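Undergrad: Letter by letter, the chains look like this.
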Amino acid sequence: MIEINQVTKQFREHLAVDRFDLSVPEGSIFGFIGPNGSGKTTTLRMILRIIEPDSGTIEVFGRPHHITANNSIGYLPEERGLYRKMTVMRQLIYFGKLKGLSKSQAMDAANEWLKRLDLVDWKDKKLETLSKGMSQKIQFIATVLARPRLLILDEPFTGLDPVNLDVIRQALLDLQRSGTTLLFSTHDMHMAEEMCDHICMIYKGKKVLDGSLNRIQADYGEDTLKFRFRNAVHLSAEDLPGVTHLKNLGRFWEARHGGDSHKILKAAVGLGELEHFEVVHPSLHDIFVRIAQPDQVIDAQEVDHA
Amino acid sequence: MRKIIAIAVTEYRSIVLTKSFLFSLLIPFLLYGGMIFAGIFLGDKTDLEDRTLVLVDRTGVLLDPLTEANKERNRSSSVMKEGKQVGPKFVIESYGEMSLPETNELLVELSDKVRDGEIFAFAIIGGDYPDPEGGEDDYLHYYSNSPTFNRLPDWLSRTVKDQIEDQRFKDAGYDQKEISILTSHNQLERFNLAEVDEEGNLIEPEEESQIAAFLIPVGLVMLLFISIQMSTPVLLNSVIEEKMQRIAEVLLSSVTPLQLLWGKLVAGVGVGLTFSTVYLISLSFSLRYFEKLQWVPPGTYIWFFIFLLVGLLTYGSLFAGLSSVCQDIKDSQNFAGTIVVILVIPLMLTMVTIEAPNGPLATTLSLIPPISVMTMLSRLAVPPGPPEWQIYFSLAMNIIFTTCVVWGSSRLFRIGILSQGKTPTWKEIIRWIFQRG
Numbered sequence: 352m353i354e355i356n357q358v359t360k361q362f363r364e365h366l367a368v369d370r371f372d373l374s375v376p377e378g379s380i381f382g383f384i385g386p387n388g389s390g391k392t393t394t395l396r397m398i399l400r401i402i403e404p405d406s407g408t409i410e411v412f413g414r415p416h417h418i419t420a421n422n423s424i425g426y427l428p429e430e431r432g433l434y435r436k437m438t439v440m441r442q443l444i445y446f447g448k449l450k451g452l453s454k455s456q457a458m459d460a461a462n463e464w465l466k467r468l469d470l471v472d473w474k475d476k477k478l479e480t481l482s483k484g485m486s487q488k489i490q491f492i493a494t495v496l497a498r499p500r501l502l503i504l505d506e507p508f509t510g511l512d513p514v515n516l517d518v519i520r521q522a523l524l525d526l527q528r529s530g531t532t533l534l535f536s537t538h539d540m541h542m543a544e545e546m547c548d549h550i551c552m553i554y555k556g557k558k559v560l561d562g563s564l565n566r567i568q569a570d571y572g573e574d575t576l577k578f579r580f581r582n583a584v585h586l587s588a589e590d591l592p593g594v595t596h597l598k599n600l601g602r603f604w605e606a607r608h609g610g611d612s613h614k615i616l617k618a619a620v621g622l623g624e625l626e627h628f629e630v631v632h633p634s635l636h637d638i639f640v641r642i643a644q645p646d647q648v649i650d651a652q653e654v655d656h657a
Numbered sequence: 340m341r342k343i344i345a346i347a348v349t350e351y352r353s354i355v356l357t358k359s360f361l362f363s364l365l366i367p368f369l370l371y372g373g374m375i376f377a378g379i380f381l382g383d384k385t386d387l388e389d390r391t392l393v394l395v396d397r398t399g400v401l402l403d404p405l406t407e408a409n410k411e412r413n414r415s416s417s418v419m420k421e422g423k424q425v426g427p428k429f430v431i432e433s434y435g436e437m438s439l440p441e442t443n444e445l446l447v448e449l450s451d452k453v454r455d456g457e458i459f460a461f462a463i464i465g466g467d468y469p470d471p472e473g474g475e476d477d478y479l480h481y482y483s484n485s486p487t488f489n490r491l492p493d494w495l496s497r498t499v500k501d502q503i504e505d506q507r508f509k510d511a512g513y514d515q516k517e518i519s520i521l522t523s524h525n526q527l528e529r530f531n532l533a534e535v536d537e538e539g540n541l542i543e544p545e546e547e548s549q550i551a552a553f554l555i556p557v558g559l560v561m562l563l564f565i566s567i568q569m570s571t572p573v574l575l576n577s578v579i580e581e582k583m584q585r586i587a588e589v590l591l592s593s594v595t596p597l598q599l600l601w602g603k604l605v606a607g608v609g610v611g612l613t614f615s616t617v618y619l620i621s622l623s624f625s626l627r628y629f630e631k632l633q634w635v636p637p638g639t640y641i642w643f644f645i646f647l648l649v650g651l652l653t654y655g656s657l658f659a660g661l662s663s664v665c666q667d668i669k670d671s672q673n674f675a676g677t678i679v680v681i682l683v684i685p686l687m688l689t690m691v692t693i694e695a696p697n698g699p700l701a702t703t704l705s706l707i708p709p710i711s712v713m714t715m716l717s718r719l720a721v722p723p724g725p726p727e728w729q730i731y732f733s734l735a736m737n738i739i740f741t742t743c744v745v746w747g748s749s750r751l752f753r754i755g756i757l758s759q760g761k762t763p764t765w766k767e768i769i770r771w772i773f774q775r776g
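Chains A and B supply the protein sequences, listed in that same order.
Per the numbering used here: the first sequence = residues 352 to 657.
Per the numbering used here: the second sequence = residues 340 to 776.
It should be emphasised that the hints constitute simulated quantities derived from the structure, not laboratory data.
Just to be clear, a hint being listed does not mean it is correct.
Stated by the list, open to error - No more than 20 angstroms apart at the CA atoms, straight line, and that leaves these computed lysine to aspartate or glutamate pairs for DMTMM-like:
#1 436/A x 476/B
#2 766/B x 364/A
#3 509/B x 667/B
#4 577/A x 512/A
#5 617/A x 590/A
#6 483/A x 580/B
#7 761/B x 629/A
#8 516/B x 505/B
#9 477/A x 580/B
#10 436/A x 667/B
#11 598/A x 611/A
#12 761/B x 611/A
Being a predicted model, the structure only gives us computed values, none of them experimental.
Produce the complete structure using the sequences and hints provided.
TA: Laid out in structure tokens, this is it:
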């Protein structure tokens, strides 16, 4: 669906994307993760041809030189934008027309989505009268109105309350089931873990992770321990042999180790009333933090576990 | 093309379907209707109020002739027409006191009477006024609290002058009537050039109208200016809104920057054409009503629309391009100010170019875009118009200039519309236009 080869983009002295490769399979839900300023939005904009790469090639739908105004691509930018003084329906018809729909097609599609997202009563209201959550749903409708083959979403869940988040997530999954390929960037690792078949992480303009979640986690091995004490325990990494990083997650402790997990279990039993001990793959969140903030991972942390 | 039309229609509707714009379209019809209404219903309801003037005649000789002259005036066609009063009558009253008080007392007394509404005005003629040598009392002073009513002081000045001149001629031994006959002549009358029709018959030259000679070019240039001013700065606000509300990125995922720019330009052109068409139709109706259609030289309207189109594209793309690099309304006002100055210069020079339409200044300005848009139009509206080659040369220069401006603006727009942070300097703007990618 998308093939990016050796793409580079520089803004003056800042190298935003550096010889970046990416392959997004058709029909997948592809998570594009990375810390702020890592080059995610620049990459998405280059896929959409909103900006041009300095070098490298980008193919979408198998065509190397597709036009920006591709009617088969829907785009939800991170910073939402709609006309505040325009009514919801006029706005949706306008965006539908810009995606190549006729007025009646746009109106039919808009009515269908408004009904689905419970916004029918608001279709003749100006956008400025709608709440933020409603506006976000209208923006989502404007993005998917033309039934795109490829949907590019930049932080689609930011600012949504849990109810609306579920509604949008369900709508996205339905679109994917009907054949739409989803590529979205997110900071929400939990959401990425739950939804994505494939994940790519970009850091300082370079690709640092790429593949299915299972494969990525397998690459990191089972170097993570998750355990819980029934009683409050004062714990530090030195108390557990071979543990290099220790993190208090609240109810649980998470440790990264390079040694024998059995020795660590024995040591943990001696430290308190251990009620849970598990050897696991590192979470996507943990992998993200290890790559994005290698120096700031809580090292040999000493905390009271209440 | 469908997307450009979709953008243009949406932009056009958002500009035209506003109360302020619709009202601006109604103005010429209100004016035109108002003139007809005034003609039909208010024609006989002119000012008919008598104006009483108290005359303090220190010469002792002017009161009677002035009273007599006023009686004649009140019977003349400027006051009475076909037995019906059409203008205000004047009533001349003499200051009744046998011995005139000091001037200051007199001024206070009569001023109070004017203020109380007993009289309309008063005048004092100094005792030395008729004397050709003059003297300390050589004056004619008129006092009122109605400074805009000129008919009475004008009549008084003219009539006193006639009376004194008559007296002086008599004193010098000349016959005033004979001198009047000897010096009387008709005023100069101005005509257009004579023409011969296809059958060789002379087409009578028409009387040249000084009002038309200035009114039509000034009116058309003003209309061109207002049409550009009404439609192109709106693009600036539209682009800024799309940038500030983060709509631009959504739009650019569906259309290219060039399509977006052209959609806006087409809308701007549509607005300008709508506005000027309405005004030109109303102007034509007015000229037809007053039977003055010949005041507009043939072909002027066509040239008006051609130069308007060029002007709208040039200024529209300038506004859209420059506003795309701005981060907020305040920034954009600075750039807009520069463009408006370019727009205003030829407007300010219109009177100069009309007075000498083929002079070096007018000719030069009418060939340099974008100033030439207005200057050439003002030359075209003054018969016989500029040489044909100059018109086409000016048009060609404007088309080349407009193409360059639209190209530059689209390059700027492409980068500027997504730019955030500080507004670029002029140097950076030029770099953006020419940079690759």
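Undergrad: Indicate, hint by hint, whether the structure satisfies it.
TA: Now the hints, each set against the structure:
As the CA atoms of residue 436/A and residue 476/B are separated by approximately 73 angstroms, the hinted pair breaks the 20 angstroms bound. For the hint linking residue 766/B to residue 364/A, the alpha-carbon distance of about 18 angstroms falls within 20 angstroms, and the restraint holds. Taken as a hint, the residue 509/B and residue 667/B pair is broken in the structure, with Cα atoms around 79 angstroms apart against an allowance of 20 angstroms. The suggested pairing of residue 577/A with residue 512/A is violated, with an alpha-carbon distance near 30 angstroms, which exceeds 20 angstroms.
Of the pairs offered as hints, the one joining residue 617/A and residue 590/A holds, with about 11 angstroms between alpha carbons and a cut-off of 20 angstroms not exceeded. Proposed proximity of residue 483/A and residue 580/B is supported: the alpha carbons are some 18 angstroms apart, at most 20 angstroms. In summary, the hint linking residue 761/B to residue 629/A is not supported, as the alpha carbons are separated by about 52 angstroms, beyond the 20 angstroms threshold. For the suggested pair residue 516/B and residue 505/B, the alpha carbons sit about 9 angstroms apart, so the restraint of at most 20 angstroms is met.
Between residue 477/A and residue 580/B the CA atoms are separated by roughly 16 angstroms; this keeps the pair inside 20 angstroms, and the hint holds. The suggested pairing of residue 436/A with residue 667/B holds, with an alpha-carbon distance near 18 angstroms, which does not exceed 20 angstroms. At most 20 angstroms may separate the alpha-carbon atoms for a hinted pair to count; residue 598/A and residue 611/A meet this at roughly 18 angstroms. This hinted pair does not check out: residue 761/B and residue 611/A have alpha carbons roughly 56 angstroms apart, beyond 20 angstroms.
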